[in-house]
Amino acid sequence: MLADILVLLSIYALLGAGYVIVYRSSRVLNFAYPEIFMVSAYLGFAIVATVQIDPHAIFPVGFVIGVVAGILIYLFLMAPMAGQPVFAAVLVTIGLGIILRGLVYIEFTGQSIFPGSELGVDNSTVDIFEGLSITRYGLVMVVASLAIIAGLLLFFRYSRLGMQMRAASFDPKLAAYRGMNIHLLFAIAWGMSLGIGAFAGGLYGMNYQIGIAISLVGIKALVVALVGGMDSLTGLVPAALIVAAMEILVQRFIDPALSEVIPFIVLVVILLIRPWGLLGTKEMIDRV
Amino acid sequence: MALFDTPYRKAGMALLLGVGLILPLVAGNQLLHIFNLTMLVIVGALALNLLTGFAGQLSLGHAAFLGVGGYVSHFVSQAGIPFPLVVLAATAFGGALGFLVGAPALRLRGLYIVLATVGFHYIVLYLIHVYQSSGEDSILALTGFLMPEADLGFVVLDSAVRWFYFLGGVLILTTAFCLNLARTRVARAWIALRERDITAAALGINLAVYKLKAFVVSSALACMAGSLLVYYLGSVSAEYYTLDLAVSYLAMVVIGGYGSIFGSYLGACFIALMPFFITWLFEFFEASPRTQVQLLVPSQVIVFGLVMIGFLIFEPRGLIGIWRRIRVYFELWPLSRSILAVRRD
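Protein chains in written order, with this note's numbering: chain A, 1 to 288; chain B, 289 to 633.
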């Protein structure tokens, strides 16, 4: 059970990071992210299955496709929305998500796939210590998500590009006056976010299964991002821990159907008592 | 009737009414069914337009409100209460629910309200599933419940024609209500709140009160639409109320045009009729049954998404914006070209 919580936590934290990167750069909530996560899982599997390469190529290939897709989406869909109200851009992402889902229906007819067994990769459980056994890809997921979030923290704190991205999100106009190419910076943020999403999609598929319904995981990750604070990467891990632990505990001890709703109950409660999240910036939300 | 102030409007309304009265006599049941569904959708879209279009509160909880309307109707109708009272009860319940949902939403704004309504949607959906599986019959838990016939007392709504006249009446009443509301202080306060809430507050508008009013009125109307919908369909099932349904209602408001009653009509007709149009296209090009099965639903979904994005990027004012430009063009007809170029901002 601890292993379940850990794996769910890491997938939530990873996808939550994708929301946070986009939100803190361009103030847009990417509602297409759950579908992007799902599509990339399908796409990565399809590529590896047709090209007949090492199944592990799913991760770098997915990442690269995600980065390219993110930059293109920013340039063609988000950049034209600059100057419009934020919610218009959010509605565009909703529309994008709908289109992606339609494409998956056409291409894969929405069926469930088990890439792990179909590609013949070994996903046996390993014992870390007495009482804690975890699947191989589950372990990869935990390690990768912690590493990626730590890497992102360092990137935003110390690297020149990361600092520029923070500056651009803090005050886009001022950053532009100082000679930064803010469209490029936002595009990079979208690329990073979608790259992570695609990577997570590949990993999730290897460990569990792929289906239309896995986009719900992405929606729950949005809850995690909000609980942690929409502009806070550090808040992701504790937030993911809260949501994942409650979900798994309720699933085990109370009612599996209720566990599906737990993240949304957490969402409503957090919005009521602390809308800026655990570690988010308080000033961002003003009330009526 | 200050709503129809010009002779043209009076003539137009009379014409529309005349067409509406004659239509059931010439149209087949299939066509009437489409019209009936569209009218129900328009009522739902009008409800959301009050909240999103006028008051500017983006909501993805509309499917949940419709669902509550449907399930409350089922619950109340179990007690043998006549149809009109059931609809009234659902409407009243919707108002109360709007108050319950709106009160927490006072603490939030913008995107956070969208998120809160998403949370609300999933919680309501869970409760609906619990209610549906609480019955003794395990098959009903999967398929949903049957609704009793809609009995108005003097006539039973058992045919498409009767439903057409009834729903037409409901639609006219709802539209009149919305049009009148749009002329009052309430709607003006909503618009001020939508455009800039700080300024609205400085002008002496009590934001909390008016936000709550928006939620209450919108939710009550939505529950009424939901109640009529389940009576019309004859059954109520949890499968129907998806997040996609909420998105499609939001798309109606966006595609029609924010804060315009007529825009809601256009948007609702557009979204409600599009699937039928695509189905017709498939038949027109004589697609094989196999392609139809494979491509029909996905292509409806994709076209829906494309239309939504297209409007947001190229015509943010929606169909009503296009309509207004066309009207200006004809009003100024011989001189219109140059003016049109200037007005195209």
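Any given hint could turn out to be false.
Where chain A lies over chain B, by a calculated footprint (3+ residues, C-beta under 8 Å) [unchecked claim]: (1) 370–384; (2) 534–544; (3) 594–601.
Take a look, some chain A residues computed to stay more than 12 Å from chain B by CB distance [unchecked claim]: (4) 55; (5) 105; (6) 112; (7) 116; (8) 118; (9) 143; (10) 177; (11) 222; (12) 232; (13) 276.
Quick caveat, the hints were computed from the structure, so don't treat them as lab data. By construction, the Cβ of each residue, glycine as well, lies at the ideal position given by its N, Cα and C atoms.
* **Residues of the region 534–544 of chain B with Cβ under 8 Å from chain A, three needed, outcome** => holds (count 4)
* To do: Could you let me know if the closest chain B CB is still more than 12 Å away from the CB of residue 118(A)?
  => holds (22 Å)
* To do: Establish whether the coverage given for the region 370–384 of chain B by chain A is satisfied; the threshold is a Cβ-Cβ distance below 8 Å, and no fewer than three residues must meet it.
  => It is violated: at least three residues are needed, and the region 370–384 of chain B offers just 0 whose Cβ sits closer than 8 Å to chain A.
* **Closest CB of chain B to the CB of residue 222(A) still more than 12 Å away** => About 7 Å separates residue 222(A) from the closest Cβ of chain B, which leaves it inside 12 Å; violated.
* **Outside-interface status for residue 116(A) - nearest CB in chain B farther than 12 Å** => About 27 Å separates residue 116(A) from the closest Cβ of chain B, which puts it past 12 Å; holds.
* Beyond 12 Å from chain B, beta-carbon-wise, is residue 105(A)? -> Nearest chain B Cβ is 4 Å from residue 105(A), so the label is violated.
* Closest CB of chain B to the CB of residue 276(A) still more than 12 Å away -> Violated, because the least Cβ-Cβ distance between residue 276(A) and chain B comes to about 9 Å, which does not exceed 12 Å.
* Mind verifying the non-interface call on residue 143(A)? Its CB should be farther than 12 Å from each CB in chain B. => Non-interface label stands for residue 143(A): nearest chain B Cβ at 30 Å, farther than 12 Å.
* Non-interface claim for residue 177(A): all C-beta distances to chain B beyond 12 Å? -> Non-interface label on residue 177(A) holds, nearest chain B Cβ at 26 Å vs cutoff 12 Å.
* Asked: Hey, does residue 55(A) actually stay past 12 Å from chain B on C-beta?
  -> Residue 55(A) is indeed farther than 12 Å from all Cβ atoms of chain B, at 28 Å.
* **Residues of the region 594–601 of chain B with Cβ under 8 Å from chain A, three needed, outcome** => holds (count 5)
* To do: Determine whether the non-interface label on residue 232(A) survives the test: each CB of chain B must be over 12 Å from its CB.
  => holds (15 Å)
Going through the hint list in order, the structure does not satisfy hints 1, 5, 11 and 13.
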